[in-house]
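Student: Residue strings, one per chain:
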Amino acid sequence: MRIELERRPGVSKLFSILSPFIALGLTLIFGGIMFMMLGKDPVAALYSFFIEPLTEIWSLHELAIKAAPLILIAVGLSVCYRSNNWNIGAEGQFIMGAIAGSILPVVFYEWQSPLVLPLMMLLGMLGGALFAGIPAFLKAHLNTNEILTSLMLVYVAQLFLDWLVRGPWRNPGGMNFPETRTFDATAILPEMIASGRAHWGFGFAIIAAILVWFMMRYTLKGFEITVLGQSQRAGRFAGFSSRKMIWFSMLLSGALAGLAGIAEVSGAIQQLRPVISPGYGFTAIIVAFLGRLNPLGIVVAGLVLALTYLGGEAVQVSLQISDKPIRVFQGLLLFFVLSCDTLIHYKIRMMWYDLSETAGKGTR
Amino acid sequence: MAAEGQPANSLLLAVGQLTKLFGTFAACDGINLDIRPGEIHALLGENGAGKSTLVKMLFGVLAPSSGQIVWQGQPVRIASPSAARKLGIGMVFQHFSLFEALTVAENIALSMDPGVSLARIAKEASDLSHAYGLPLDPHAHVADLSVGERQRIEIVRALLQNPKLIILDEPTSVLTPQEADRLFETLNKLKAEGRSVLYISHRLEEVQRICDRATVLRHGKVTGACDPRQETPSSLARMMVGSDVAHVSAEGTSSKGAIKLEARHLSATARTPFAVALKNICLKVHAGEVLAIAGVAGNGQGELFDALSGEYPVASDDVILISDKPVGTRGINARRLMGAGFVPEERHGHAAVSALSLSDNLILARSQSDRRAFLGGGPLGLIRQDAVKKASKRISAAMDVRKSGENPPAGSLSGGNLQKFIVGRELDRQPTVLIVNQPTWGVDAGAASRIRQALVDLAKSGSAVLVISQDLDEIFEVATEIAVISEGKLSDIYPASDLSREKIGLLMGGMYGKTETAETAHAH
Chain V
1 MRIELERRPG VSKLFSILSP FIALGLTLIF GGIMFMMLGK DPVAALYSFF
51 IEPLTEIWSL HELAIKAAPL ILIAVGLSVC YRSNNWNIGA EGQFIMGAIA
101 GSILPVVFYE WQSPLVLPLM MLLGMLGGAL FAGIPAFLKA HLNTNEILTS
151 LMLVYVAQLF LDWLVRGPWR NPGGMNFPET RTFDATAILP EMIASGRAHW
201 GFGFAIIAAI LVWFMMRYTL KGFEITVLGQ SQRAGRFAGF SSRKMIWFSM
251 LLSGALAGLA GIAEVSGAIQ QLRPVISPGY GFTAIIVAFL GRLNPLGIVV
301 AGLVLALTYL GGEAVQVSLQ ISDKPIRVFQ GLLLFFVLSC DTLIHYKIRM
351 MWYDLSETAG KGTR
Chain U
1 MAAEGQPANS LLLAVGQLTK LFGTFAACDG INLDIRPGEI HALLGENGAG
51 KSTLVKMLFG VLAPSSGQIV WQGQPVRIAS PSAARKLGIG MVFQHFSLFE
101 ALTVAENIAL SMDPGVSLAR IAKEASDLSH AYGLPLDPHA HVADLSVGER
151 QRIEIVRALL QNPKLIILDE PTSVLTPQEA DRLFETLNKL KAEGRSVLYI
201 SHRLEEVQRI CDRATVLRHG KVTGACDPRQ ETPSSLARMM VGSDVAHVSA
251 EGTSSKGAIK LEARHLSATA RTPFAVALKN ICLKVHAGEV LAIAGVAGNG
301 QGELFDALSG EYPVASDDVI LISDKPVGTR GINARRLMGA GFVPEERHGH
351 AAVSALSLSD NLILARSQSD RRAFLGGGPL GLIRQDAVKK ASKRISAAMD
401 VRKSGENPPA GSLSGGNLQK FIVGRELDRQ PTVLIVNQPT WGVDAGAASR
451 IRQALVDLAK SGSAVLVISQ DLDEIFEVAT EIAVISEGKL SDIYPASDLS
501 REKIGLLMGG MYGKTETAET AHAH
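Each protein sequence line maps, in turn, to chains V and U.
Counting along the first sequence from 1, when you hit position 303 you're at 303 in my numbering, and nothing is skipped either side.
Counting along the second sequence from 1, when you hit position 41 you're at 41 in my numbering, and nothing is skipped either side.
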């Protein structure tokens, strides 16, 4: 007996819808087994993982806060990945966006005006885009591998931020803690609705997702992205430039990551610290693929991953376990989602037959 | 199943009711075929008829869904290519699996048992290749060899296993007429030794020339078994296609108009180590002309297409002219806007994106030239799907593109139908200049004749057509003028009526004017 994957003639509509649910089911089963092996009650664990965070208004706000940077970054990355540019350094672009956007409230803290906030957002996008411009330049003109360069620049950004908040940008009245001064009220991104903490970053994420979705679906630019991602040669035949596409996709995703960075700092943290991201830039890669590189799918995927963050924290508190099983759990989810997607394009067939058994059928 | 009074056990290979299903689609449906020792057996059929699927089952690449394979009287199950080789079946694929950076001997060693020394393999290969009239230098690097020489490596590699049956898949599609002649001599030698050859082709003339028996496939079923020498080309074609193939008529293409496409001393350096540099190419195509450029694959055809189409513009403007305007440095869309249309050689991933729908593939070539019709929303560049779909429907109807569904992905179409769409996509614009590289490569006979007729008709209507092709039949069918490309150099242009196949063959080898062709693989 052997197992064969057989390509379906087309995309299976049924499994396009079913596959995430099958994946979720498998994750729950195997996650439950894992919690059981750790000696915890699986039902209670899964409950506090998936359900509890959704039962209270404040935690829904936390969900939006966590999902916002994931969605913003992932939407930008989806454009990169669709066009076959592998930007892995969104974490660095997030940080550089946060730094660039913080120039106004940290260095020019005395200037208070309604213009401050929009300018901060623009600077944040600019900072992220410029930082993503480095691997873009290296790839477009020196043919370097953007996976390596963009990834390595993440560490440059992290150390640069560390140096800033310990050195030149340290809060003079901050008891020598490595932090900048807290932002003035005019530099803080306001809440979206009165019931809780969730700031406009989530709004930006939704708007960005819709705009990019529109671009991919209806415009020639979106078509260009798809074509160049599928085949550079066909793109050249169409007169599209893959070099320009490197710049476009990297700058766009850098700008969105930068916006996520400044929105997070301005809306949630309200000052710069040595660490401002729990790895949003890397998790967003997972979000982008979970959302199947579709901006609207990414909104859902971002919310689901934000939920695993919150649920993970809740489980750590309620079951007294470390964050490692939580990471495993997130890994399980990703693994099952991606492998279940195989079912959209392939059928699984068990091959029981043996050719020698059917040998007699052919002769007359 | 034992055919024509022969007892089954005297047959080398007997295939009974062999079926291969892909989902519900039967690529091979109850195939019966038998091969006698010491015969050259032709497997004829159009593209998509199931020839490749059948031989892949015989060579152990695919497992049959049902049916049986009897090898020398014993039912066998061929689980892998190495099992097939052990039985004594050798195969030469249409697309070679060779490492260009390795030498001939090294490539051969890769398919042999480990532990045999390279020196011994080199010696055996060299002896064998000379014995069969396929001279090879075992120390030459594959990258330096012509396609014909590369094919010899594959054949020698198969012969080293001492096979009883050798399967050749479209072997002559890459050869000059002279190279093909030499291959036929080799095949006759093999036959004289009592080996059998399964010869896959869609070239009727060859099949009639060298094959003892033929099995014809269509839509996965056997539609005929015959002695090809007793048949006429048209009766064989009828078995293959199921209806008479329209003959391309090139009447009335003699009127010459203004020069529409010109290259003046066009040179281009090779972009990659394995590419060919273009050397001082001069050509002129007048309105109403079809200039065909013959040549064996890999002599600069692709590079010439890239330069003429503007996919890779050249350094100076005035080496390429379209309608008398210098365009050398302009991109492909600028040239399209001047009325030029282009059809590259590779369908998948160059002329079309397989995963995208036909209408998307229409935008691929015409987003700028038909900007007004296909795009809206000003700077937003919104694609007008309804207009594009309508045009794509019009093209499919005009070129008789057969497809499943209204707007299927390009990859789901057969080669011939996709090529009809790709050519139709350009014809629909009525281009004043059309440049086509290998218009009917791997395309079934029906589609090929339709495409060729369309090219001839376009020239008749006053456009200039440049056809780059390896297929001499095609060239003689469509061309009014012929030139030959060899190692990046273009020969003079001759009126089609002044050239014979032999003369072209000599030009292809870059040997025009000399009496003999080179005998051995050249080692650089």
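The set of hints was computed from the structure by calculation and includes no laboratory data.
We put the CB at the ideal spot given by N, CA and C, even for glycine.
Possibly wrong hints are sitting among the right ones.
Unchecked claim - DSS-like mimics (lysine-lysine), calculated; alpha carbons at most 25 Å apart, straight line:
no.	chain 1	residue 1	chain 2	residue 2
1	V	221	U	279
2	U	221	U	460
3	U	503	U	284
4	U	256	U	221
5	U	279	U	325
6	U	460	U	489
7	U	279	U	86
8	V	13	U	164
9	U	325	U	256
10	U	460	V	13
11	U	191	V	221
12	U	164	U	284
13	U	123	U	221
14	U	123	V	221
15	U	389	U	403
16	U	189	V	347
17	U	86	U	189
18	U	256	U	86
To be verified - One side only, chain V facing chain U, incomplete, derived with CB under 10 Å:
no.	residue
19	52
20	54
21	55
22	141
23	145
24	194
25	195
26	197
27	213
28	223
29	226
30	237
31	243
32	324
Stated by the list, open to error - Label pairs and their in silico Cβ distance ranges:
no.	chain 1	residue 1	chain 2	residue 2	range
33	U	144	V	34	33 to 41 Å
34	U	273	V	269	33 to 41 Å
35	V	51	U	24	42 to 50 Å
Student: State for each hint whether it applies.
Tutor: Okay, the hints, checked on the actual structure:
no.	hint	result
1	221(V) <-> 279(U)	violated (37 Å)
2	221(U) <-> 460(U)	violated (39 Å)
3	503(U) <-> 284(U)	holds (21 Å)
4	256(U) <-> 221(U)	violated (47 Å)
5	279(U) <-> 325(U)	holds (22 Å)
6	460(U) <-> 489(U)	violated (29 Å)
7	279(U) <-> 86(U)	violated (48 Å)
8	13(V) <-> 164(U)	violated (49 Å)
9	325(U) <-> 256(U)	holds (19 Å)
10	460(U) <-> 13(V)	violated (48 Å)
11	191(U) <-> 221(V)	violated (59 Å)
12	164(U) <-> 284(U)	violated (51 Å)
13	123(U) <-> 221(U)	violated (44 Å)
14	123(U) <-> 221(V)	violated (58 Å)
15	389(U) <-> 403(U)	holds (14 Å)
16	189(U) <-> 347(V)	violated (47 Å)
17	86(U) <-> 189(U)	holds (22 Å)
18	256(U) <-> 86(U)	violated (60 Å)
19	52	violated (42 Å)
20	54	violated (37 Å)
21	55	violated (43 Å)
22	141	violated (16 Å)
23	145	violated (18 Å)
24	194	violated (36 Å)
25	195	violated (37 Å)
26	197	violated (36 Å)
27	213	violated (14 Å)
28	223	holds (6 Å)
29	226	holds (7 Å)
30	237	holds (6 Å)
31	243	violated (12 Å)
32	324	violated (39 Å)
33	144(U) <-> 34(V): 33 to 41 Å	violated (58 Å)
34	273(U) <-> 269(V): 33 to 41 Å	violated (53 Å)
35	51(V) <-> 24(U): 42 to 50 Å	holds (44 Å)
Comparing the model with each earlier hint shows violations of hints 1, 2, 4, 6, 7, 8, 10, 11, 12, 13, 14, 16, 18, 19, 20, 21, 22, 23, 24, 25, 26, 27, 31, 32, 33, 34; every other hint is respected.
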